[in-house]
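J.: Protein sequence lines correspond, in order, to chains B and P. Counting with this note's numbering, you get residues 1 to 360 for the letters of the first sequence. Counting with this note's numbering, you get residues 1 to 360 for the letters of the second sequence.
Simulated from the structure, these hints should not be mistaken for laboratory data. Heads up, a few of these hints could be off.
All copies of an identical chain are treated as equivalent in the list; a pair is satisfied when it fits inside any one copy or across any two copies.
Said to hold, decoys possible - The calculated SDA-like cross-link candidates involving lysine to any residue, where the alpha carbons are at most 20 angstroms apart (straight line), are:
1) Lys289 <-> Ala348
2) Lys180 <-> Ser62
3) Lys209 <-> Asn164
4) Lys103 <-> Glu123
5) Lys103 <-> Asn217
Number of protein chains: 2
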Amino acid sequence: MKRPYNFAAGPSTLAIDVLQEIEHELYDYQGTGMSIMEMTHRSKAFMQLCDDTKALFRKLYSIPENYEILFLQGGATMQFSCIPLNLANKKKCDYIITGNFSKKAAQEANKFAEVHIAYDAKENNYSSIPTQDELDLSSDAEYVHICSNNTIYGTQWKSYPNTNSIPLIADMSSDILSRKIDVSKFGLIYAGAQKNLGIAGLTIVIIRKDLLQDTENDVPVLLQYKTYADNDSMYNTPPCFSIYVFFKVLSWIEKQGGLDVIEKRNEEKAKLLYDVLDSSDFYIPHAQKEARSLMNVTFNCPSVELNEKFVEEAKNEGLLNIKGHRAVGGLRASIYNAMEVEGVEKLANFMKNFAERNRK
Amino acid sequence: MKRPYNFAAGPSTLAIDVLQEIEHELYDYQGTGMSIMEMTHRSKAFMQLCDDTKALFRKLYSIPENYEILFLQGGATMQFSCIPLNLANKKKCDYIITGNFSKKAAQEANKFAEVHIAYDAKENNYSSIPTQDELDLSSDAEYVHICSNNTIYGTQWKSYPNTNSIPLIADMSSDILSRKIDVSKFGLIYAGAQKNLGIAGLTIVIIRKDLLQDTENDVPVLLQYKTYADNDSMYNTPPCFSIYVFFKVLSWIEKQGGLDVIEKRNEEKAKLLYDVLDSSDFYIPHAQKEARSLMNVTFNCPSVELNEKFVEEAKNEGLLNIKGHRAVGGLRASIYNAMEVEGVEKLANFMKNFAERNRK
């Protein structure tokens with residue numbers, strides 16, 4: 001069977017090279033005689049893997065030395081609690097709401113901190129990203145929280161807000177490592193691994209070291225960033241296999257030529273689909289042009305029935321999981337790093353043909 | 001290369017059949033054309049896998065219908081916080097301390113509840129399990145917490161304490177599914193998956209449904225059991241691949257003949273090693289006879305130097321990770337479900353020979 005193209009929003013497609021590496025080492029990780037899945041996290045081989053993973057991530061993403069890289073569990077959702085508990089306990093923090101996950105983050109933070117909503121894009125159904133002028137930022141917030149890419153709505157920050165000296169925190173679950181960024185502009189970056197970094201079960205936190213403070217006593221031990229920083233992310237057993245896959249993904253990015261190549265390829269892939277949308281009077285794009293995501297392309301056919309027909313026919317062509325999120329409906333193609341150009345070309349052609357065939 | 005025997009305490013050896021199944025489906029999970037690692041958790045195939053996993057676990061472990069099975073992340077350590085936050089917020093709870101992890105559980109609970117230590121085996125360096133008479137149980141505790149098997153010290157509860165109608169909670173991370181138990185005697189059972197259930201990154205909770213209460217508002221959303229129970233453990237992306245491996249481990253147990261066969265085999269395996277200890281004047285067992293674990297066999301050679309020599313020579317014979325935990329030193333052989341009888345026989349023979357060769 002020819003491998004289909006999987007446009008799922010996450011967990012999502014892996015580069016075939018990554019699967020091949022996993023297969024190659026499945027019974028014997030680097031001469032140890034055992035699978036990486038069977039290996040104690042206190043072994044030299046596994047601790048070396050963790051060190052190598054952090055070093056390669058730091059190199060590829062240009063993470064400065066004054067930032068710690070932490071490996072956690074619980075997905076981005078667990079960070080919705082960790083961030084206020086560590087950085088704003090009972091104090092003020094600003095949230096910019098551009099979609100479902102930034103809204104959930106703000107709701108959860110509200111349990112532990114005084115949340116100020118600096119912007120909410122709900123009036124245009126989260127089709128936009130605010131300009132600097134639109135933000136109502138507090139002067140005394142502990143941090144400003146954004147979601148850098150909104151998986152569900154298909155919008156993405158192009159340039160990040162200026163928060164003066166207040167730490168900027170970004171949920172980058174759906175666009176981490178998809179383009180070059182200036183990490184030094186952030187206080188903390190976090191991401192679930194299952195979109196651009198590998199498989200579910202691992203959460204990455206990049207935190208500026210001066211923000212690693214002692215928390216209140218009543219913060220659960222595994223929700224304190226210091227627990228991870230003080231123990232090389234091994235206070236207890238980490239999600240070993242997900243870390244291993246993360247390393248394989250990083251190695252694949254390096255082999256592709258690093259983030260320069262990946263970023264350029266992502267721009268090309270997104271352009272293929274947006275060009276179809278822009279040259280069509282059939283499709284209705286969801287995101288406003290200046291807010292368009294390079295990772296998740298969201299659009300509608302002229303009717304719900306045609307949306308369903310699109311999903312079904314695409315599936316028969318080996319173009320899987322084009323259905324939009326239940327919160328917004330319509331169609332969505334997620335084209336993370338691991339999605340091949342050929343898959344996007346095939347989808348773009350299918351979109352043109354489908355519009356042609358179903359035009360009134 | 002012949003596959004070595006891996007006696008690590010966790011993450012630990014997998015049955016070779018489980019690795020073969022993973023390899024077989026690596027590029028194509030049941031005709032979906034993609035790896036299980038790439039599959040969205042909202043897909044029919046993955047949701048079916050979750051349902052099948054719960055059903056098979058319920059069947060093999062005889063889990064009554066009035067218990068929920070939950071899939072979480074963060075290991076047993078995260079449960080050290082969840083349990084008091086869900087079941088004893090600011091109220092009294094009893095902890096029986098028989099080792100490192102029950103001690104850590106009590107220390108963490110102390111942040112959120114009024115912890116009463118009903119017993120502490122520290123005076124004999126955690127070589128014993130208390131009798132019912134030795135327990136100083138409270139009449140008004142919200143629950144009684146034990147650790148059913150102490151990985152580090154090699155002790156295990158043979159019969160569980162009588163707590164009258166107070167819910168008994170057990171950390172079974174290192175002996176879950178190793179023997180038949182009466183689940184109905186427990187309020188809650190929890191376990192990290194990386195010893196007897198598969199690989200790291202997944203935590204199992206079995207909770208009696210009447211204990212699924214609303215928590216205080218200030219409990220992080222992913223630390224509330226109701227979040228998992230109300231959302232089929234999919235409030236956010238679960239640790240998909242670890243759940244998949246858990247299913248493969250359950251299927252392997254079923255193929256072996258279920259828990260009857262597994263329990264008998266575990267007894268035989270442990271007897272092979274304890275017989276060597278009992279017939280030797282060379283080795284010094286750590287655990288008292290009546291408290292001996294069938295999962296982790298702990299012992300010492302007459303000197304630290306001989307312990308080190310043992311580890312090194314065993315390694316050369318393909319018997320890996322026999323070194324004891326840094327908290328207690330000495331030697332430890334972890335012989336979970338997946339460790340083959342042949343591996344234990346080989347270790348028993350090695351132990352006899354080593355003693356013979358190094359006797360004064």
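J.: Which numbered hints are broken by the structure, listed smallest first?
T.: Per hint list: zero violations.
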